[in-house]
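Here are the chains, one letter per residue:
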Amino acid sequence: MTGQGAKAGGSRPRVFIVDDHGLFRSGVRSELGDHVEVIGEADDVGPAIDGIAKSLPDVVLLDVHLPAGGGQLVVSELAHALPQVRFLALSASDAPEDVIAVIRAGARGYVTKTISGAELVDAIARVAAGDAVFSPRLAGFVLDAFASQPGGTQGAQPAPSFDPELDQLTPREREVLRLIARGYTYKEIARELFISAKTVESHVSSVLRKLQLSTRHQLTRWAAERRLA
Amino acid sequence: MHEPTWSGPPGRSGPQGPLIGGGAGGDAPLRRATDGRVAGGIAAGIAAKTGFNVTMIRVIFCVAALISGIGLASYVIGWLFLPAVDQPTTIGSRALADRRGLAVAAMTASMIIVALVIVSILGVGILSSFSWPLVIAAAGMVLIWRNADPGEQGAMRALAQPLLDVGDAGPRPRLRLRIIVASVMLIGGAATLASVHNVRQLLAPLIGVVLVIGAIAVLLGPWWLRVARAAMVERQARVRAEERTEIAARVHDSVLQTLALIQRRADSPQQVIQLARAQERELRSWLFDGRAPGSMDGLVTTFAGGVKLIQQDIEAQHEIAVEAVTVGDCEIDEDLSALLAAAREATVNAAKWSGATVVSLFSEVEPTEVSVFIRDRGCGFDPEQVPDDRKGLTESIKARMARRGGSATVKSVLGEGTEVALTMHRAQPAEDKPTRDQAGPAEDQPSQDQPSQDQPSPAEPSQAS
Chain A
1 MTGQGAKAGG
11 SRPRVFIVDD
21 HGLFRSGVRS
31 ELGDHVEVIG
41 EADDVGPAID
51 GIAKSLPDVV
61 LLDVHLPAGG
71 GQLVVSELAH
81 ALPQVRFLAL
91 SASDAPEDVI
101 AVIRAGARGY
111 VTKTISGAEL
121 VDAIARVAAG
131 DAVFSPRLAG
141 FVLDAFASQP
151 GGTQGAQPAP
161 SFDPELDQLT
171 PREREVLRLI
181 ARGYTYKEIA
191 RELFISAKTV
201 ESHVSSVLRK
211 LQLSTRHQLT
221 RWAAERRLA
Chain B
230 MHEPTWSGPP
240 GRSGPQGPLI
250 GGGAGGDAPL
260 RRATDGRVAG
270 GIAAGIAAKT
280 GFNVTMIRVI
290 FCVAALISGI
300 GLASYVIGWL
310 FLPAVDQPTT
320 IGSRALADRR
330 GLAVAAMTAS
340 MIIVALVIVS
350 ILGVGILSSF
360 SWPLVIAAAG
370 MVLIWRNADP
380 GEQGAMRALA
390 QPLLDVGDAG
400 PRPRLRLRII
410 VASVMLIGGA
420 ATLASVHNVR
430 QLLAPLIGVV
440 LVIGAIAVLL
450 GPWWLRVARA
460 AMVERQARVR
470 AEERTEIAAR
480 VHDSVLQTLA
490 LIQRRADSPQ
500 QVIQLARAQE
510 RELRSWLFDG
520 RAPGSMDGLV
530 TTFAGGVKLI
540 QQDIEAQHEI
550 AVEAVTVGDC
560 EIDEDLSALL
570 AAAREATVNA
580 AKWSGATVVS
590 LFSEVEPTEV
600 SVFIRDRGCG
610 FDPEQVPDDR
620 KGLTESIKAR
630 MARRGGSATV
640 KSVLGEGTEV
650 ALTMHRAQPA
660 EDKPTRDQAG
670 PAEDQPSQDQ
680 PSQDQPSPAE
690 PSQAS
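Chains as they are written, first to last, in the numbering used here: chain A, 1 to 229; chain B, 230 to 694.
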């Protein structure tokens, strides 16, 4: 438990839990059991930043909603300074703007709080290994946010993008996201599309990159609109 | 005097995908294709069999039809006597048993013959080379229309839609059209009469024509009337039968489902009462307010709203989490509410039979179509083994989609789960409201417990209908 970032390697990932509900934290702790090593907990933004900086976990399980502000504060504070720490966002609310905000701040994935223990363990391992984790819901958000072709945006001025490629998904990425949204596992997606699971992962990671780096005007507008809905 | 557009060979090249059957069909007998067909699937079938380009075959049919009409007749005959890929019998063999259909076909043929005779008396010879093929094609189309299977009828209806729309344009436009046509004819006739100097010379053949028409009307008129009336009566009967199927599907979706639930929850009086009350309310509003069970009338107006309602209802009634993800949105029309009803039924099936704890409900609204995928990781089932009296899959899902021109496919692997894929074309893609401007992914309250996540989950059981 010294803070030196021993990467997931073969050993158990070291996990830090940030959530304002004590009950939830202990629930997650017991669900994760021996599969991971929980090295710390925090219940708000401040303590979380301190605790994470001190303990340098492999993965931070981060509630999207915290008393002092969104989980994205924690991510944006630490992501650059501690690139070896990966963030996995957890939420019960699913408000798209929150989810998009925390992903854009640098989280590697997003799952809902109702996820089963086994699935959570798997998601943690995947994030620890540097992959992205998309829940069906997040896949749906992304498909929706990237739905219109740039240029064809109604009323919105074209996004001042440096890299137009970041502004749209490739057909293959779309296909992968659709299958995720339909409830397929990576393995099943690989089988369905006749590609390897590794390729599926790289598609998802590239979607994540686009989600984080795109300056697409649409994306922010889209998330903001969702709030009004 | 031409038959409705769909009787013509497929002139417009439809959105055909790759040829059916993957290349030349080798030894397989020639069959009508069901994928990529425009009308009867003859051209697509020939293309699949021979490996020629389907568009070229269509062009040949069209040219042949325009030159002599033989192309038209041969197309219709092929339609009648070639079995479709997915069917054992031909439409022709079914038509033989359809005596009333034969009568209507005979009537149509005789009317056209009479019309052609009159035309030839009047000395307009242009149509002569078309006469026999035209008679054959028209009579054949009557039989095809009456005896094609529902899927094909849906396709034909879609093709004939522009024509039907003209007919349905409402009383006023039709009246105006009739007045215009009548005045054009009147003026034309008067002008012709006036242009002939010796009016008496013209009158003689005219009277002859009128007499011939009169004679034919006296001779064949009653028979025509009788056949037409019988056809109408039969049509009404068919409408009633369709209504009955519709009602059966509704009752299945509501009352029978609730009864099944009550049996399963017999040990929990509270829940039984709750279910019975809900069912009573629904039945009352159906019988007295005309709101069909499971319909979204008045409750929601958008597709994403409808999906959300399905999610809420099913999570309330069954012990299963529904993970709903919706991309895009649009207004609900009749086609889409049929899609929603089928989706609801498929989700209920998953809840009742799969044994899974979660069912994924993914829907995507695209400019031209709306698709819904219902997937569970349950026990799976063999569609062949579903007992005939279980109406859910065939009636509530497949037939319901087919009636509206949509499609439903079921993929199920024993022990791995089931996925039902539903697709419905959108009626007016043009006035597509910006998809994203409404609900996005069903962002709302996640259903209470839904392990989302794309992870291998323990295999569980799934559904049958």
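In short, the hints are calculated from the structure, not lab data.
Computed from a predicted model, the values in this text were never measured in an experiment.
Some hints could be false.
Computed cross-link-like contacts, SDA-like style, restricted to lysine to any residue with a CA-CA straight-line distance of at most 25 Å [stated by the list, open to error]:
| hint | chain 1 | residue 1 | chain 2 | residue 2 |
| --- | --- | --- | --- | --- |
| 1 | A | K187 | B | T586 |
| 2 | B | K640 | A | L56 |
| 3 | B | K581 | A | S116 |
| 4 | B | K640 | A | T185 |
| 5 | A | K187 | B | D315 |
| 6 | B | K640 | A | A190 |
| 7 | B | K581 | A | T185 |
| 8 | B | K640 | A | S11 |
| 9 | A | K187 | B | K278 |
| 10 | B | K640 | A | L213 |
| 11 | B | K640 | A | I195 |
| 12 | B | K640 | A | E41 |
| 13 | B | K278 | B | T337 |
| 14 | B | K640 | A | A197 |
| 15 | B | K640 | A | Q84 |
| 16 | B | K640 | A | P171 |
| 17 | A | K187 | B | Q541 |
| 18 | B | K640 | A | F194 |
| 19 | A | K198 | B | T586 |
For the chain B half of the interface with chain A, some residues (derived, Cβ under 10 Å), not all of them [unchecked claim]:
| hint | residue |
| --- | --- |
| 20 | E548 |
| 21 | A550 |
| 22 | T555 |
| 23 | G557 |
| 24 | F591 |
| 25 | F602 |
Note that CB positions come from ideal geometry on N, CA and C, so glycine has one too.
What hints, given by number in increasing order, does this structure fail? Going through the list in order, the structure violates hints 2, 5, 8, 9, 10, 12, 13, 15, 17, 19, 20 and respects the others.
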